[in-house]
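Trainee: With these hints in hand, go ahead and build the complete structure from the sequences.
Numbering-wise (UniProt numbering), the sequence shown opens with residue 1 and increments by one.
Hints are computed from structural coordinates only; laboratory data are not their basis. The C-beta atom is built at its ideal place from N, Cα and C for all residues, glycine as well. Mixed in with the good hints there might be a few duds.
To be verified - Simulated DEER-style distance windows between Cβ atoms:
id : residue 1 : residue 2 : range
1  : 157       : 339       : 47 to 57 angstroms
2  : 147       : 168       : 29 to 39 angstroms
3  : 168       : 393       : 20 to 30 angstroms
4  : 390       : 146       : 21 to 31 angstroms
5  : 82        : 317       : 32 to 42 angstroms
6  : 114       : 434       : 17 to 27 angstroms
7  : 311       : 390       : 29 to 39 angstroms
8  : 434       : 170       : 49 to 59 angstroms
9  : 329       : 197       : 52 to 62 angstroms
10 : 171       : 130       : 40 to 50 angstroms
11 : 108       : 171       : 18 to 28 angstroms
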Amino acid sequence: MPRCLRPSLRKPAVILCLLLSSTSLCPTRGQAMIPLETPLQPVQMVRSPYPSGDGQKKYKDVEPNLRIQEVDGLELVKKFSEDMETMLRRKVEAVKNLVEAAEEADLDHEFNESLVFDYYNSVLINERDASGEYVELGAEFVLEPNAHFSNLRVNTSLSSVQLPTNVYNKDPDILNGVYMSEALNPVFVENFQRDPTLTWQYFGSSTGFFRIYPGIKWTPDENGVITFDCRNRGWYIQAATSPKDVVIVVDTSGSMKGLRMAIAKHTISTILDTLGENDFVNIIAYNDYIHYIEPCFKGILVQADRDNREHFKQLVSELVAKGVGVMDQALKEAFQILKRFQEARQGSLCNQAIMLLTDGAVEDYEPVFEKYNQLDPKVRVFTYLIGREVTFADRMKWIACNNKGYYTQISTLADAQENVMEYLHVLSRPMVINHDHDIIWTEAYMDSKLLASQAQSLVLLTTVAMPVFSRKNETRSHGILLGVAGSDVALRELMKLAPRYKLGVHGYAFLNTNNGYILSHPDLRPLYREGKKLKPKPNYNSVDLSEVEWEDRAEILRTAMINGETGSLSMDVKIPLDKGVRGLGLNWQSDIPLAARQPSEDAHSPAESRPKLQSDILSAAEEAEEAPTTTAILAAISLACG
Numbered sequence: 001m002p003r004c005l006r007p008s009l010r011k012p013a014v015i016l017c018l019l020l021s022s023t024s025l026c027p028t029r030g031q032a033m034i035p036l037e038t039p040l041q042p043v044q045m046v047r048s049p050y051p052s053g054d055g056q057k058k059y060k061d062v063e064p065n066l067r068i069q070e071v072d073g074l075e076l077v078k079k080f081s082e083d084m085e086t087m088l089r090r091k092v093e094a095v096k097n098l099v100e101a102a103e104e105a106d107l108d109h110e111f112n113e114s115l116v117f118d119y120y121n122s123v124l125i126n127e128r129d130a131s132g133e134y135v136e137l138g139a140e141f142v143l144e145p146n147a148h149f150s151n152l153r154v155n156t157s158l159s160s161v162q163l164p165t166n167v168y169n170k171d172p173d174i175l176n177g178v179y180m181s182e183a184l185n186p187v188f189v190e191n192f193q194r195d196p197t198l199t200w201q202y203f204g205s206s207t208g209f210f211r212i213y214p215g216i217k218w219t220p221d222e223n224g225v226i227t228f229d230c231r232n233r234g235w236y237i238q239a240a241t242s243p244k245d246v247v248i249v250v251d252t253s254g255s256m257k258g259l260r261m262a263i264a265k266h267t268i269s270t271i272l273d274t275l276g277e278n279d280f281v282n283i284i285a286y287n288d289y290i291h292y293i294e295p296c297f298k299g300i301l302v303q304a305d306r307d308n309r310e311h312f313k314q315l316v317s318e319l320v321a322k323g324v325g326v327m328d329q330a331l332k333e334a335f336q337i338l339k340r341f342q343e344a345r346q347g348s349l350c351n352q353a354i355m356l357l358t359d360g361a362v363e364d365y366e367p368v369f370e371k372y373n374q375l376d377p378k379v380r381v382f383t384y385l386i387g388r389e390v391t392f393a394d395r396m397k398w399i400a401c402n403n404k405g406y407y408t409q410i411s412t413l414a415d416a417q418e419n420v421m422e423y424l425h426v427l428s429r430p431m432v433i434n435h436d437h438d439i440i441w442t443e444a445y446m447d448s449k450l451l452a453s454q455a456q457s458l459v460l461l462t463t464v465a466m467p468v469f470s471r472k473n474e475t476r477s478h479g480i481l482l483g484v485a486g487s488d489v490a491l492r493e494l495m496k497l498a499p500r501y502k503l504g505v506h507g508y509a510f511l512n513t514n515n516g517y518i519l520s521h522p523d524l525r526p527l528y529r530e531g532k533k534l535k536p537k538p539n540y541n542s543v544d545l546s547e548v549e550w551e552d553r554a555e556i557l558r559t560a561m562i563n564g565e566t567g568s569l570s571m572d573v574k575i576p577l578d579k580g581v582r583g584l585g586l587n588w589q590s591d592i593p594l595a596a597r598q599p600s601e602d603a604h605s606p607a608e609s610r611p612k613l614q615s616d617i618l619s620a621a622e623e624a625e626e627a628p629t630t631t632a633i634l635a636a637i638s639l640a641c642g
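Mentor: Right, here's the structure in full:
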């Protein structure tokens, strides 16, 4: 069975916009009178060594050599998109090399329960004990400052391996995985030599270890704990699974009081953290009756963006246990929501799942599943038994196993993270069995978890990632996900491709996702100052285009870009000056052409029937020979006409 009914929807669109300005009237739509060289630089170069009068004379001497040349705005933005596509394709090729090498290494490796193997542990490298000897897994590891990596001390010849504190660093699964992934070291180096603009390359294993190149020294937090777990990162989750519709059903009856309710709340928050902008979610609580924890979302699914996830977490924290549970009614409501969305072709149009959290199932529940879970494909039901009691374990297992889900028991708060992650492995099985190596690009982000290790600085990044599968014949039908390979791309590197010297005085380029969220924009201010430190704002990566464009009609431009429309748009805008103290009014004349590949004629479903899926970004780098796609780079040319 294919990973998703509409595989092309995994091929997202990057939306690229160039705004060009000119102080003169626009001669034609899509063209502007823009000088190839601005006189500012020649004046400065000549003026500095001479008095004012001599500087003006020198300027008059060079003025005849300056000329005005028309620039075709459409060609300008097309060239920008092509350059960006070329750059992104190189990043994708690097990740594909890692995936191929990892899968080949796994084919050649036989699991050895008694394997003894020393590797470079990122936390322990260069550490010595009281006697002056290197500690176990802490051998000498040469680290040197590297300007390409923000002058961090790195080793560009080898990678290093990081593990979270709750993963034993000499577990047989870990040792075998680390030993197998040693084959990635030469590939890391070759990729970097082939494309020196590459930054961090890595492989995140499903067992919990994280191999990063170039190798670095990892610093624990102030409590001496390593909390970073690659399996919880957005790039890992997005690459390992398809988009999904999720209804979380939580028992708030009287038996859930105390620690059980605390565990349930923490588990829900953990589930929410595994969702992204491509997923849709709602939460139903039940006791004597069922109720949506957010009444405004009654009967619908909402996009699982950061704002909605944080809103749900706040509401979950306010849940109170009381009354008697009516689980069958809650399950009926959950099935009905998913059915309505599937029939209306809304939501993710891919995986559908119900997450059931309860301390036990008392009533007769089998008729509910026989009657309501008749969708094709079937809704997966994942059950989480809360607490230490095992009285109802068999019933919860039956629910999960008969509905293509997974059962787990969460007895303590510490159990939640590891047990919640199991559902991702289940959802990835169809993809693994069919070997669907989908390429994903994440939204813009600053990885605060990596900041403590000094592996990242406060810059906006996007990650390209691909899943790594086991290709062994004996385990092929089991759908084993080995992990995810990825590489970071700094958005400022993409923006360097913009021909800024041709954009005019108030012209600029910006990028946003086809969710409407800004990737890069002159008025995007993702940081705030706290004392002497700069910190990311809570919603820095979910700022809508309409929030930074100072014009009522900006919503029209936003909608046109997201819908992939072409045409021309004129609107009055205000350009902020002097750090927003003053504004300059200009008129933008915008051309919005489609400047990249068109949808394939043999696409699996008509383009007009596909909803505008909240999806990944930067698909310009997708390979043309892959599944049919609606990938496009949407570009807009805007000219300031005084």
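Trainee: None of the hints should be skipped; say for each whether it holds.
Mentor: Cross-check of the supplied hints:
Between residue 157 and residue 339 the CB atoms are about 56 angstroms apart, so this pair conforms to the stated range of 47 to 57 angstroms. Between residue 147 and residue 168 the CB atoms are about 37 angstroms apart, so this pair conforms to the stated range of 29 to 39 angstroms. Checked against the hint of 20 to 30 angstroms, the C-beta distance between residue 168 and residue 393 comes to roughly 27 angstroms, which is consistent with it. Our hint of 21 to 31 angstroms for residue 390 and residue 146 is violated, since their Cβ atoms are close to 54 angstroms apart.
Separated by about 49 angstroms at the C-beta atoms, residue 82 and residue 317 break the suggested range of 32 to 42 angstroms. In this structure, residue 114 and residue 434 break the distance hint of 17 to 27 angstroms, their C-beta atoms being roughly 34 angstroms apart. One distance hint, 29 to 39 angstroms for the beta-carbon pair residue 311 and residue 390, holds here, with the actual separation near 35 angstroms. Between residue 434 and residue 170 the CB atoms are about 35 angstroms apart, so this pair departs from the stated range of 49 to 59 angstroms.
Take residue 329 and residue 197: their Cβ atoms lie about 56 angstroms apart, and the range 52 to 62 angstroms holds. The hinted range of 40 to 50 angstroms is not satisfied by residue 171 and residue 130, whose Cβ atoms lie roughly 27 angstroms apart. Restraint check, residue 108 to residue 171: a C-beta distance of roughly 21 angstroms satisfies the suggested window 18 to 28 angstroms.
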